Amino acid sequence: MTSFPMILTERMTAHPADSHLLDRYEATGGYETLRQALLSMKPEEIVEQVKAANIQGRGGAAFPAGIKWGFLAPIEPRYLVINGDESEPGTFKDRQLLERDPHQLIEGVVLTSFAIGANHAFIYIRGEYPKPARRVQQAVEAAYAKGYLGQNILGSGFDLDVMVHLGGGAYICGEETALLNSLEGLRGEPRLKPPFPAVEGLYAKPTIVNNVETISNIPWIVANGGDAYAAIGDVDSVGTRLFSLSGHVKKPGNVEVPMGLTWRELIYDIGGGIRDDNELKAWVPGGASAPWFVAEHLDTKVTKDDCAKAGSMLGSGAVIVMDETTNVVAAAHRIVKFFSHESCGQCTPCREGTTWLERILWRLLNRAGRPSDIDLLLDVCDGISPGLAWPPRMTTICPLGPSAVSPITSIMTHFREEVESMIPGLQEVASA
Amino acid sequence: MSVATVISDWSAPNQERARTLLEAYPERRSAAMPLLYLASLEHGHLTPAAMAQVAELTGLTSAQVQSVASFYTMYKRDHVGRYLISVCTSISCFLMGADDVLEAIEEETGTPDGTTSSDGTFSVEHVECIGACGGAPAVQVNYELVEGVAPERGATLCRWLRESSPEVVVTDEMQKYFGGVRSFDWGITETVGAIAPVPAFGPYGSTGEESA
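Those protein sequence lines, which keep their order, are chains A and B.
The opening position of the first sequence corresponds to residue 1 in this note's numbering, with each subsequent residue numbered one higher.
The opening position of the second sequence corresponds to residue 1 in this note's numbering, with each subsequent residue numbered one higher.
Please keep in mind that the hints were generated in silico from the structure rather than gathered at the bench.
Hints may contain errors.
Calculated cross-link-like contacts (lysine to aspartate or glutamate; reagent style DMTMM-like; alpha-carbon spacing at most 20 angstroms) [to be verified]:
(1) A:Lys205 with B:Glu27
(2) A:Lys251 with B:Glu107
(3) A:Lys51 with A:Asp227
So the derived list for chain A, only partly shown, Cβ under 8 angstroms to chain B, looks like this [as the list claims (entries may be wrong)]:
(4) Ser19
(5) Glu86
(6) Thr91
(7) Lys131
(8) Gly169
(9) Tyr171
(10) Gly188
(11) Asp234
(12) Ala288
(13) Arg334
Just so you have them, the derived chain A footprint on chain B, three or more residues with Cβ under 8 angstroms [to be verified]:
(14) 71-79
(15) 89-96
(16) 130-139
Owing to the predicted nature of the structure, the values given are computational and were not obtained by experimental measurement.
For glycine and all other residues, C-beta sits at the position ideal for the given N, C-alpha and C.
Given the sequences, and given the hints that come with them, work out the whole structure.
Dropping the structure here:
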């Protein structure tokens with residue numbers, strides 16, 4: 001691995017005791033970029049730097065942030081909403097950024113709000129994250145007291161109010177339009193797009209929704225320039241990224257690495273390999289929604305394009321590792337059960353389909369499967385995600401339904417014999 | 001109708017918090033979710049009367065507020081025990097043995113998944129991913145996190161809750177005595193925590209400080 005700057009995690013690594021406090025943030029150069037930018041940059045210059053940085057959104061969809069900002073309708077007021085509803089199974093990177101370096105996020109929020117012309121920003125944090133929310137609230141209050149938030153910030157004439165808002169325990173609110181409905185006091189049901197939030201978002205006003213990690217990168221990008229950011233990492237996927245390693249890996253945790261490593265480097269060198277030196281069976285490369293990879297993909301590069309070509313995605317950056325002892329039907333069932341529980345219920349293919357998939361897998365697990373269940377599973381999958389294509393062809397308002405199909409196509413592609421072995425009468429072979 | 005009239009049965013600090021929340025958002029209906037947490041704190045859980053109060057305050061209909069309360073899993077419309085034990089059984093925790101943790105906790109508390117103990121001490125629930133996958137298996141008590149919880153330590157945690165009956169549930173304290181592997185270095189030790197089965201967040205009035 002070539003040397004690279006630790007953009008997101010340097011402060012928390014060097015100063016574990018107080019990286020979340022304003023004094024430490026200022027002592028390590030924090031809010032200097034904001035001061036400089038408010039004095040000497042025009043909003044559109046910041047947008048240009050972020051476009052040049054070519055940073056792909058870190059929430060899951062990997063849409064370039066600068067381009068998203070460029071879609072804003074020329075209407076006021078405008079809003080910035082930070083998506084801290086991190087709920088994709090396997091993902092815990094935003095939690096660390098919120099808890100350990102909240103001022104880095106807040107400086108990014110002010111810079112972004114200035115760039116897009118928003119005077120009101122919301123940080124939406126999932127309800128199950130009270131400690132991260134307390135840290136961010138404490139940081140927001142400290143930033144107000146020091147004049148980094150509020151009226152006439154640092155004498156620039158720019159005003160910004162920031163509010164921390166807690167979710168209520170619904171995965172779907174990580175989908176940006178569901179999040180906006182939730183913030184409006186409604187059920188977290190995704191909206192039909194278009195119109196996109198940049199045109200009609202919060203209270204039907206132009207709104208940018210960006211992930212916590214995405215915005216935490218903005219101070220560095222503005223300080224060092226978009227080109228410097230784009231020079232880190234790989235050709236199509238640039239910068240550093242936080243990956244959350246979990247499951248049967250020796251060293252679970254979040255790691256900040258430049259884009260473009262191989263999966264082998266990420267799982268074996270950085271993750272320390274498989275527990276008890278077991279064999280690797282499979283891994284989920286980008287959160288529960290992502291189709292699984294197996295040993296043959298170890299030398300695939302960890303970039304958006306390389307993973308897409310191999311039939312999966314980097315998603316939310318969650319890498320869930322499964323060793324040889326894993327019952328893949330049980331693992332797939334657990335993931336499908338998640339989507340079944342979290343379906344908002346608006347779209348029939350998702351609401352009914354995820355429920356059926358969960359039930360069929362459950363009876364397979366309980367040795368009550370029928371020989372026809374293999375075809376039935378694939379048929380229900382096809383009803384949610386026609387042709388089982390990657391990326392999926394949409395039958396639903398949001399991608400939750402097709403996400404539930406990923407673990408099933410994964411076990412059918414890579415472990416079909418093992419699945420069949422669980423059905424009495426289909427194969428008189430006990431699963432290993 | 002004034003805020004004070006609608007929620008005259010709420011404590012004075014929570015009435016003040018409600019007023020602040022209603023004025024903080026560009027549109028007052030956005031205060032619905034925070035107010036539902038405040039209402040849960042006031043009444044122990046979300047009663048039909050409390051939901052009607054939130055509707056009155058936010059300008060939403062009672063049906064809309066009920067639809068919101070029923071959509072999100074953290075709004076409890078039935079009685080909740082003093083300590084809500086949420087055991088993550090999603091994929092990463094599952095791979096690390098979460099089902100055994102849930103079983104040990106059900107056994108220790110005598111409270112099956114999805115129920116509340118008859119003495120009102122515990123509610124036990126399995127939950128979907130709580131973002132603690134690097135410290136799997138993970139458990140929350142009144143939404144305060146403990147990571148790396150082996151089954152027997154999960155049971156010990158519940159025994160400790162029953163016997164010491166802490167007023168404030170503090171994540172760092174529980175992690176120290178009952179936790180194991182963490183998702184990341186937590187940094188400094190804190191003494192703030194939850195005073196009820198509602199997320200402990202200052203503006204929602206649910207945060208307490210552990211006495212030394």
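Any of the earlier hints contradicted here, and which numbers?
Violated hints (numbers, rising): 2, 11; every other hint is consistent with the structure.
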